[in-house]
Amino acid sequence: MRFRNVFVLSTVLFAGACSSGGDDDTSATATLEAPMLMEVAPMEGALHLAWMNMQKDCDSVEAERKMEHQTSYDLAFSVPGNVDNKMDTAATDNMMYAYRMRCKKGAAYSSYSNEVSANPHDM
Amino acid sequence: MGATALLFACACGSGAQEPAAAAPEPLPALTPAVDENPDPSILEVNLEAAESQVRFPGTPPTRVWTYNGTLPGPLIEASAGDELRVHFSNRLPESTTIHWHGVRVPAAMDGTLAMQTPVEPGGTFEYSFTLRDAGLFWFHPHIRSDVQVEKGLYGVIRVRGLDEPSSDDEQILVLDDISVLPDGTLPTYLDDESKMLGRQGNVLLVNGRAMPTLRWRAGALTRLRVVNTANGRFFNLSLPGYVFRVIGTDGGLIPHPYDADRLLLAPGERYDVMVIVTGDPGSEATLWDEPYDRGHDTGAADPLPLAKVAVTEDAPLDGRALPDSFPAIERLPDGSSDEHIELDEMLRDGEQIFTINGDTYPDVPPIAMGLGTLHYLKVQNASPMDHPFHVHGTFFQLLEAAGTPTSADALANKDTIIVPQMTTLRLAIRFDEPGRWMYHCHILEHAELGMMGEIQVTQDN
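So the protein sequences, as listed, match chains A and B.
Quick note: the first sequence uses this note's numbering, first residue 433, plus one each step.
Quick note: the second sequence uses this note's numbering, first residue 1334, plus one each step.
Source of the hints: derived by calculation from the structure; they are not laboratory data.
These numbers were taken from a predicted model, which means no experiment stands behind them.
Note that CB positions come from ideal geometry on N, CA and C, so glycine has one too.
Don't take every hint at face value.
Chain A regions said to be covered by chain B (calculated; three or more residues, Cβ under 8 angstroms) [unchecked claim]:
id, stretch
1, 476 to 487
2, 511 to 520
Some, not all, of what chain B presents toward chain A, calculated at C-beta under 8 angstroms [said to hold, decoys possible]:
id, residue
3, E1675
4, M1679
5, G1683
Over 12 angstroms on every C-beta distance to chain A, these chain B residues come out as not near it, computed from the model [as the list claims (entries may be wrong)]:
id, residue
6, P1515
7, T1518
8, S1527
9, R1681
10, S1740
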């Protein structure tokens, strides 16, 4: 098992952290910066996510996941606001999973991060 | 730089997002433990584990756990053959023990749950044993060790022998790192990369200080006693313009000192090195922690400054020479391996675990050994990352690494050794104290997540 360099930093920077709009049910606030999703990499049959927290005082960071047959995102996990990585051990099927993230502080949310996709079987 | 490289270079693990700047401070001397016994051959000290407060650069004060209120804890100074008595009291909010890393103690004094009832909050325990070997050792809890050591519970024992090499100066360097959040707190959530690599902090510490200044005298024969007390970080030291003369390791001096440009210390390891200070008076150099690939892309990190070396304006000393030999140590004879230990990592039921022969502690079947009998361990690392393999209660010797026999000049007594990724070591080992002895990976998160086992030593095996 290895952490894989799936995306180089320049790619992520050009992709940028942005609001994807769409199906979010909570209004974003311009005062909170979205995380920057750096990497989604296959690891031991699951997916390893790494991101940068552009907002330093989030209460939590939420990741949303969308399987390739889905049209909308579901909450994948929530971690404390200082955490910058997580293994999504629920993403194990041979398909593409897309992720986006946002910061939560109190009742407010940031916009969504960039989106990154990967297949856990693509080792 | 790839995204992963950047992740490990500046944001290793939970909360490690802002490497802190530090104002220059001298290397703090370790606080000596107070000997309360007038008998020169008995060292009697008090140790209290309690919450304390320290300030790291750029953040508000941080609440840590310490022995006797200092980070690192007190320095216990002794001579080989001394008896050490420790009156330990636990003022922490949870149970703890003290393990005497590298010290050959009776098993009941080893501070593991295999042999000792935990010291509950408010409780006390009397540790007492003879310090049989000269060398640099350290002590730390063996309950929830990943958390308790990370919070600051560790101290050092320096035991002097009869054949100590002479030097102009000697410094102990206790290496550590710690994750400090912007509000000065320590992360309580163990993120997945910290499980995988061990906690790696955003503040590097030498004797509890970030980026201290080591003051050396030009031309001086300077001895450095180095211990890595970090949970997960491997320190790969370099000092441009200098070569380290390695004169000893975990179990004391080695017969054949050797030179090294880099000094790699896994968690738990110690090295004893000498340098002749070649810098001119008033010059400065930087001691670096260089990247080292211990697996999972860790080799792509940037070098990190660890300490500054400032050569004093004193008149240079001259005529110093590095030692090139020390008395022989007993070489354990070779033999065929009789125990196989396979280290591995895997996901099980969605959780990261670290295994020994496919099991996690306490479900790892114990290894039986006879008292005073030579045994041979084949330690196979089946995982794509290095593991520092630590055995309690005795020293072992490396016989073979990846099929290559250890040279006659590389004889050393070790208690912690790096088992490189996808590599097999053969070790010779012999216990002279009965009891249940732990062996484990000294990346403390790995030990707590399963990579630990017991060796049961009895008279009749």
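Going through the hints against the structure:
1. Residues of the stretch 476 to 487 of chain A lying with their CB closer than 8 angstroms to a CB of chain B number 7, which satisfies the three-residue condition for coverage.
2. With a threshold of 8 angstroms between beta carbons, the proposed coverage of the stretch 511 to 520 of chain A by chain B holds, since 8 of its residues qualify and at least three are required.
3. Taken as an interface hint, E1675 (chain B) does not check out: its beta carbon lies about 16 angstroms from the nearest beta carbon of chain A, beyond 8 angstroms.
4. Satisfaction of the interface hint for M1679 (chain B) is found here, the shortest Cβ-Cβ separation to chain A being roughly 7 angstroms, below the 8 angstroms cut-off.
5. Annotation: G1683 (chain B) was flagged as interfacial toward chain A, and the flag holds, the nearest CB pair being 4 angstroms apart, inside 8 angstroms.
6. The non-interface label for P1515 (chain B) is inconsistent with chain A: the shortest C-beta to C-beta separation is roughly 6 angstroms, within 12 angstroms.
7. At roughly 9 angstroms from the closest C-beta of chain A, the C-beta of T1518 (chain B) falls inside 12 angstroms, breaking its exclusion from the interface.
8. Not every CB of chain A lies more than 12 angstroms from the CB of S1527 (chain B), the least distance being 8 angstroms, so the non-interface label is violated.
9. In this structure R1681 (chain B) is not separated from chain A by more than 12 angstroms, as the shortest Cβ-Cβ distance comes to only about 10 angstroms.
10. With a minimum CB-CB distance of about 32 angstroms to chain A, S1740 (chain B) clears the 12 angstroms threshold, and the non-interface call stands.
Hint compliance for this structure: hints 3, 6, 7, 8 and 9 are not met, and every other hint is.
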